[in-house]
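Colleague: Sequence:
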Amino acid sequence: MFPFRPVLRRQVRATILQYATARYHRHCHTLDPHLFRTSDIIDLSGLTIPRVEVEGDLVALHYFNSGKNRLAFPHNARGFLYYHREPGTPPSSGEIRFRVTPDDDVMDFDNGTDLTSSNYMTWSISLFQVSNLGMLPFRSLLIREGWADNALIDSMAGKVFRGQKRPLHYLEQPFVIDLQCHDIILRVFDGVTVAKVRLQLPFRDNRMMVEANPYSGHVLLRLERSTLPQHANSRVIVVRVLKILEEPKVVIPDYDMRLPLPEEGKLFPSISRDRRSKVPYTINLENPSGWNNLNLLLKYVFQIELKQIHEYQISTAVLLPSHPLAFG
Numbered sequence: 001m002f003p004f005r006p007v008l009r010r011q012v013r014a015t016i017l018q019y020a021t022a023r024y025h026r027h028c029h030t031l032d033p034h035l036f037r038t039s040d041i042i043d044l045s046g047l048t049i050p051r052v053e054v055e056g057d058l059v060a061l062h063y064f065n066s067g068k069n070r071l072a073f074p075h076n077a078r079g080f081l082y083y084h085r086e087p088g089t090p091p092s093s094g095e096i097r098f099r100v101t102p103d104d105d106v107m108d109f110d111n112g113t114d115l116t117s118s119n120y121m122t123w124s125i126s127l128f129q130v131s132n133l134g135m136l137p138f139r140s141l142l143i144r145e146g147w148a149d150n151a152l153i154d155s156m157a158g159k160v161f162r163g164q165k166r167p168l169h170y171l172e173q174p175f176v177i178d179l180q181c182h183d184i185i186l187r188v189f190d191g192v193t194v195a196k197v198r199l200q201l202p203f204r205d206n207r208m209m210v211e212a213n214p215y216s217g218h219v220l221l222r223l224e225r226s227t228l229p230q231h232a233n234s235r236v237i238v239v240r241v242l243k244i245l246e247e248p249k250v251v252i253p254d255y256d257m258r259l260p261l262p263e264e265g266k267l268f269p270s271i272s273r274d275r276r277s278k279v280p281y282t283i284n285l286e287n288p289s290g291w292n293n294l295n296l297l298l299k300y301v302f303q304i305e306l307k308q309i310h311e312y313q314i315s316t317a318v319l320l321p322s323h324p325l326a327f328g
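Following this note's numbering, the numbering of the sequence shown begins with 1 at its first residue and continues without gaps.
Simulated from the structure, these hints should not be mistaken for laboratory data.
C-beta atoms are modelled at their ideal positions from N, C-alpha and C, and glycine is treated no differently.
Every clue listed holds true.
Heads up, simulated DSBU-like pairs for lysine-lysine below, C-alpha to C-alpha not over 30 Å straight-line:
#, residue 1, residue 2
1, 266, 278
2, 159, 196
3, 196, 278
4, 196, 243
5, 243, 278
6, 68, 159
7, 249, 266
8, 249, 68
9, 196, 266
10, 278, 249
11, 243, 266
12, 196, 68
Label-pair distances were calculated between CB atoms; the ranges are:
#, residue 1, residue 2, range
13, 68, 251, 21 to 29 Å
14, 56, 251, 46 to 54 Å
15, 222, 49, 30 to 38 Å
16, 228, 104, 44 to 52 Å
17, 270, 249, 17 to 25 Å
18, 198, 112, 30 to 38 Å
19, 250, 227, 30 to 38 Å
20, 27, 118, 23 to 31 Å
21, 250, 118, 20 to 28 Å
22, 254, 202, 18 to 26 Å
23, 206, 85, 37 to 45 Å
Take the sequences, apply the hints, and build the full model.
Modeller: Structure, rendered in structure tokens:
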């Protein structure tokens, strides 16, 4: 009865898209900084749910959800969407970030800074989010430019992380903690498996006269394998304080500072068993105490190391006379 309705619907949608993008000038043609043009500059300043044209369709962006409220993007959020993955990290850890630049010059990309969220972490669109239907245009763009493939994105579809939207993909991936928390729940992902790890960092003074967290503040941490002499030939993890994001404050009146404060650049401190000295907080992965899930993060590290060892053995084998390929 209405043979032209699908055609009209497409025309209306195209008209809306043309009007919206012409009015707000938010286009994302590429995620490669080497290919940026002035037209790729996007202004998200002060907007709650801005829409960006990607691969001929509109995608809604969100800054940060605080409870039931959605926070608007900061007033300096003007720059470029780009793809980022730390060197030597798993493909699943790649993400789309937003680089805030000092002006509209493409050459100033390296002089800019990545947008941060209200939780002190870098604002990003993870590949978990890209696997959702609402992010299909970004998925198409990532695949077209070779940043990811369907197999990778499909492997991350359907994963839900309540309370933590950014799981750990590798051991030394930074994460933020609140010094007022007692248990830190981390979720780790090795490309296939999602697992939960509960860290009981020494934030709480359990003496009967205290029984509270004496400090407030936020700290950026990372897990790393211990290089301390006493941990040689063992699978021990320590926690490094990368940055003090919010200066710790004493919240207990007349507190005697029994628990040591974390210091930037140093290992996260704890109290020795005899309660007489300060020692690094450690996690022994050889103890069957619920730390086994952290081995998922070590798996990728070991794969890289084994590959490097294998390549080294091949490169040195040609110098050994006993090797059949050494001398013809």
